[in-house]
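As given, the protein sequences belong to chains V and W, one line each in that order. Everything in the first sequence is counted per the working numbering, starting at 1 for the first residue and increasing by one. Everything in the second sequence is counted per the working numbering, starting at 1 for the first residue and increasing by one.
No lab work stands behind these hints: they were computed from the structure. Do not take every clue at face value.
[What the hints assert, rightly or not] SDA-like cross-link-like pairs, simulated, lysine to any residue; straight-line CA separation at most 25 Å:
id : chain 1 : residue 1 : chain 2 : residue 2
1  : V       : Lys191    : W       : Glu173
2  : W       : Lys200    : V       : Ser110
3  : W       : Lys97     : W       : Asn12
4  : V       : Lys83     : W       : Met177
5  : W       : Lys79     : W       : Glu91
6  : V       : Lys83     : W       : Asp185
7  : V       : Lys115    : W       : Lys79
8  : V       : Lys191    : W       : Pro184
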Amino acid sequence: MMDEGLRRELSRQGIFTTTLEGLYNWGRKNSIWPLQFGLACCAIEMIAASMARFDLARFGAEVFRPSPRQADLMIVAGTVTKKMAPQVVRLYNQMPEPKYVIAMGACAISGGPFKQGYNVLKGIDRYIPVDVHIPGCPPRPEALLHAFMTLQKRIDQQRLTGPSSPRHLKESEPSEFPIPAFGAHDLTPGKNPALWSPPKIIRGS
Amino acid sequence: MEPLEQLIARINSTFPGSEVSLMPNDAPSSQTSLLVSRKDGRRVAEFFKSDSLLRMDFLSNLTGVDWPDTVTKQKIKTKRNVDGVEKEIEETVETRKPGFLEVVYHLYSMELQHGPLIFRMRTENRVDGVHLPSLTPVWRGAELQEREVFDLYGVRFEGHPDLRRLLMWETFEDHPMRKDYVEPDDYEFEPTAHDEVLTKAKAYDSCAVALRT
Ligand code: SF4
Chain V
1 MMDEGLRREL SRQGIFTTTL EGLYNWGRKN SIWPLQFGLA CCAIEMIAAS MARFDLARFG
61 AEVFRPSPRQ ADLMIVAGTV TKKMAPQVVR LYNQMPEPKY VIAMGACAIS GGPFKQGYNV
121 LKGIDRYIPV DVHIPGCPPR PEALLHAFMT LQKRIDQQRL TGPSSPRHLK ESEPSEFPIP
181 AFGAHDLTPG KNPALWSPPK IIRGS
Chain W
1 MEPLEQLIAR INSTFPGSEV SLMPNDAPSS QTSLLVSRKD GRRVAEFFKS DSLLRMDFLS
61 NLTGVDWPDT VTKQKIKTKR NVDGVEKEIE ETVETRKPGF LEVVYHLYSM ELQHGPLIFR
121 MRTENRVDGV HLPSLTPVWR GAELQEREVF DLYGVRFEGH PDLRRLLMWE TFEDHPMRKD
181 YVEPDDYEFE PTAHDEVLTK AKAYDSCAVA LRT
């Protein structure tokens, strides 16, 4: 690793130095292309965030791709019904690595106002790994921008080697997740135990 | 629109032997409705649509209601001979009323600018006699709404062109809007679990441990 003082001195002289890791993370975090799909009302805020007033383009993420093969980021914006959940997982599986997920809004993170509904999934993190959760019903576009910046920060902090390396560089981590099937009473399985476990109730102190 | 009593009289004179009765509603809205029997459903619906005084050309809403079996207990005092002495004994008598599924229809007339005319139909029971005549041939707008009622309540509409589930998937077996629907156990509890939820929460070992401490 280059000495920070030397690096600064060099840059003062017009010589730019960086590391492969820095370059790799810089490239990754500034061209996060989202997959173009919305599931409910939260998608309206996502659309607003991508338009001129909030301008997601400032973060290099304005290119919404209509095909999962070209997308890096899945913004789960809206209510995930149990009927839709397998398709969402399938789309995630079809995205190439590196890929990220933002769960946007109360519905996507927990089922939201429809939590006890018979056809609403209680959070997409039961089936796919979520990088950033945004609460709110709906979250304002600023919240989505904040989630973006949080994701960028996370990408920037990842090392190419070692335990803090990104998921897609780890041999043991899967890049596809099992798609739940339509069962007689519910989706089967109801969760991916590797990703999600039931919350614990802790009472008293 | 004419008073419902008069309408019933007109239906009875048009279709002798038809079973149509008045269902009063003592809620503030006091929207009194008609109860139409299953066998007359189709022709009465057609009458509502074509009659020159009604012209109900718009079925604005169609929804289901689940009425589960009801058990009422009544205490009755009877006199009985016990060991030669006449005694008054209190007995509880249970009366079980079988449940049924009900479908409520709201009709309006665009042509004559009146409505709503509300009528209901009831199935025989909640288990196997769940058939009602489909009114999709009369009002096309009933198609999706009947599919929804079929999906969520399990009413089978005879004569429907395409009776499939609407919101749930094809292989789903329950009817979620029925009162006795048991939701799948999907590991979510209220923040302060109590009663039924607490029993459910205790079923999970990890949770039970947390609860004990
Ligand atoms: S969180 Fe609120 S705004 Fe977002 S999809 Fe759910 S209901 Fe709609």
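Verification of the supplied hints:
At most 25 Å may separate the alpha-carbon atoms for a hinted pair to count; lysine 191 of chain V and glutamate 173 of chain W meet this at roughly 20 Å. With a C-alpha separation of about 19 Å, the suggested pair lysine 200 of chain W and serine 110 of chain V falls inside the 25 Å cut-off, and the hint holds. For the given pair, lysine 97 of chain W sits about 28 Å from asparagine 12 of chain W by alpha-carbon distance, which is inconsistent with the 25 Å threshold. With a C-alpha separation of about 17 Å, the suggested pairing of lysine 83 of chain V with methionine 177 of chain W holds against the 25 Å cut-off.
For the proposed pair lysine 79 of chain W and glutamate 91 of chain W, the alpha carbon gap of about 10 Å is at most 25 Å, so the pair holds. A threshold of 25 Å between alpha carbons decides the hint, and for lysine 83 of chain V with aspartate 185 of chain W the separation of about 17 Å falls inside it, so the pair holds. With a C-alpha separation of about 55 Å, the suggested pairing of lysine 115 of chain V with lysine 79 of chain W is violated against the 25 Å cut-off. Note on lysine 191 of chain V and proline 184 of chain W: the hinted pairing holds, with a Cα-Cα distance of about 12 Å set against a maximum of 25 Å.
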